[in-house]
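Novice: Residues per chain are reported as follows:
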Amino acid sequence: MAVRFPSLEFFQALQQRTIEDKARFEKLGYCDTTFGVRIGGNLYAIAFEVYECTSVRAASDSHGLDFVLEAPLELWREMVASIVKNKGADAAHTLNTLSHVGDRMKLVSEDAEGNDKFYRFQASLQEFFDQARNLEVTLPTAGGVPAGA
Amino acid sequence: MAYIAPKDYAADPEIVAKILRTISGQLELDWMKRVGEPAAFRPSDSRGLTLDDINQGGYGPDKLPEVIRHNFSMAPRGALIPPGLPSLGYRVNRKSDVWADVAPSLFEEAKSRRWAPARDVPWSALDVPSHDANHELALCQLATSLISIGLVSCDVAASWEWRMNQEFHEIKYLLCAQMFDAARIAEAFRKRALYGGGSLGVDSRPLGELLKSIFLSDTYPEASAAMNLTLFSFVQALGRHWAAHASNAADQYLGTQLTQDATRFVTYGVDHVRSHLHARPLQAEALADHLDLCENALVGALGAPEMIEPLLLVSGGFAAAAAFYARTADEYFRRCAAAGLGDRRDASALTPFLRMLEGDAG
Chain F
1 MAVRFPSLEF
11 FQALQQRTIE
21 DKARFEKLGY
31 CDTTFGVRIG
41 GNLYAIAFEV
51 YECTSVRAAS
61 DSHGLDFVLE
71 APLELWREMV
81 ASIVKNKGAD
91 AAHTLNTLSH
101 VGDRMKLVSE
111 DAEGNDKFYR
121 FQASLQEFFD
131 QARNLEVTLP
141 TAGGVPAGA
Chain Y
1 MAYIAPKDYA
11 ADPEIVAKIL
21 RTISGQLELD
31 WMKRVGEPAA
41 FRPSDSRGLT
51 LDDINQGGYG
61 PDKLPEVIRH
71 NFSMAPRGAL
81 IPPGLPSLGY
91 RVNRKSDVWA
101 DVAPSLFEEA
111 KSRRWAPARD
121 VPWSALDVPS
131 HDANHELALC
141 QLATSLISIG
151 LVSCDVAASW
161 EWRMNQEFHE
171 IKYLLCAQMF
181 DAARIAEAFR
191 KRALYGGGSL
201 GVDSRPLGEL
211 LKSIFLSDTY
221 PEASAAMNLT
231 LFSFVQALGR
241 HWAAHASNAA
251 DQYLGTQLTQ
261 DATRFVTYGV
271 DHVRSHLHAR
281 PLQAEALADH
291 LDLCENALVG
301 ALGAPEMIEP
311 LLLVSGGFAA
321 AAAFYARTAD
331 EYFRRCAAAG
341 LGDRRDASAL
351 TPFLRMLEGD
361 AG
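So the sequences go chain by chain: F and Y. Heads up: the first sequence at position 65 corresponds to 65 in the numbering used here, and the numbers run straight through without jumps. Heads up: the second sequence at position 328 corresponds to 328 in the numbering used here, and the numbers run straight through without jumps.
It is worth saying that the hints were derived from the structure and are not from the lab. Don't take each hint at face value.
[Claimed, not checked] Mimicking DSS-like on lysine-lysine, the simulated pairs with C-alpha atoms at most 30 Å apart in a straight line are:
no., chain 1, residue 1, chain 2, residue 2
1, F, 27, Y, 111
2, F, 27, Y, 191
3, Y, 111, F, 87
4, F, 87, F, 27
5, Y, 111, F, 22
6, F, 106, F, 87
7, F, 87, Y, 191
8, Y, 18, Y, 33
All of these numbers come straight from a predicted model, not from anything done at the bench.
Bound-form chain F, shown alone (with noise of 0.2 Å):
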């Protein structure tokens, strides 16, 4: 079933993959944190303990998040689309590339320790995201209606 991107049902979706594809996330280890996502005016909370994503949420703050990444839909939805036609981010689209210099997507965190998180788990939020490949997404154009809608 095709899941729209970017939409809550989208990150549960990948909140499944996590344990459909259990093995992975043990082979990356234990991650736990609480982060954000925000997607143009939307935020989305993701929450990991040990290795799968225990939960994802509309929020409607950052309160209570290590971290948030934020982007563009523009960027958030070439990102996907690197994704899925690459079967996992290229290297012009990992969380990594796209934040390292902080013009296109914006690492923000209230401490130095929450910011840590996103560096210190960050094969296994990549891979969450790679999970996308998995998924049947329908994406929204550059103009942000969702393609074939």
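Here the structure of chain F is known, so what remains is to put chain Y in place on it, guided by the hints.
Specialist: Coordinates of chain Y only, in the frame set by chain F:
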């Protein structure tokens, strides 16, 4: 001279007599009547049985006194301590000099997030050149510096581990994990430099001065702040930079793993320094003085041609390399503030260095 035990056990009549009684079936079983506090610990989640799960009651660290005076032997925390145990001569006996609440879970995390360079790095991705020859030489030069950093970081952790009281075993475990992590940095980047037609680059004297400043720290808190906070803030950023500028899957993987491993050093450093200063606020000046010296040495290492020139090539120009240094320093200063060291920007030798780069980059 080797330590000589106080008895000639093989010839001691009392010990020989006891052994003969045991052989004949007369067991004393005194040890069985004197066992430690009963425990019934179980895993609290799918992590398995962790140190935090078993750190309860007398087996946990919470009841440790600030200064250990009751045990200088090899007896593990929570064991019954008979009289006459030999002192192993521990010199780091103050809890606030070593402790960080995050240490037990970081030790577990280090093992859980383990990786093996021999097989986990997709080395064959390097078989087809994915960047020009100068870029490759620059990566080999940076790898050479990372090897030196890894080797000396092993030494730093090793040089304090054996001096630390056994009652702080979680910290000793973590230092062993740090040694392994640091050894893997040296291993992985040595393999990266030498894969296929590669080579090692030139060692950097200023980098050596920085590493020596850390290695010869007077106290463990100073060594921890200098290595975990200062040095590994830079190493972590270099991992991110390496991955962000990767043109193949091998470098992508190496950069990501370096980032994750280095962040555990940084995370311990922040929590350790904060705990230390919370318990002993007057130590802030000593730590700040030491970091002044190490940051000065860091300026030398970052400004050395063996470091900044390959970074410039990898980054795609001087402005990009200067911006990388600025972001790295900014995150480092945020960590120092989180650790209770205050705002170090005004005092740090990094600040005028960055201004100079910014001027030239502009």
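Novice: Could you grab the alpha-carbon distance between residue 106 of chain F and residue 87 of chain F and see if it respects the 30 Å cut-off?
Specialist: holds, 24 Å
Novice: Measure nothing beyond the straight line between the CA atoms of residue 18 of chain Y and residue 33 of chain Y; if it is 30 Å or shorter, mark the hint as holding.
Specialist: Given pair residue 18 of chain Y, residue 33 of chain Y holds - Cα atoms ~18 Å apart, limit 30 Å.
Novice: Checking one constraint from the list: CA of residue 111 of chain Y to CA of residue 22 of chain F, max 30 Å. Satisfied?
Specialist: Cα-Cα ~18 Å, so holds.
Novice: Would the hint linking residue 87 of chain F and residue 191 of chain Y be met if the CA-CA limit is 30 Å?
Specialist: Judged against 30 Å, a Cα distance of about 28 Å means the pair holds.
Novice: Hinted pair, alpha-carbon criterion (30 Å max): residue 27 of chain F, residue 111 of chain Y. Please report holds or violated.
Specialist: holds, 11 Å
Novice: Given the hinted pair residue 27 of chain F and residue 191 of chain Y, is their alpha-carbon gap at most 30 Å?
Specialist: The given pair, whose Cα atoms are some 22 Å apart, holds under the 30 Å limit.
Novice: Sort out whether residue 87 of chain F lies within 30 Å of residue 111 of chain Y, counting only the CA atoms.
Specialist: holds, 28 Å
Novice: Quick one, are residue 87 of chain F and residue 27 of chain F close enough, alpha carbons at most 30 Å?
Specialist: holds, 19 Å
Checked against the numbered hints above, the structure breaks none of them.
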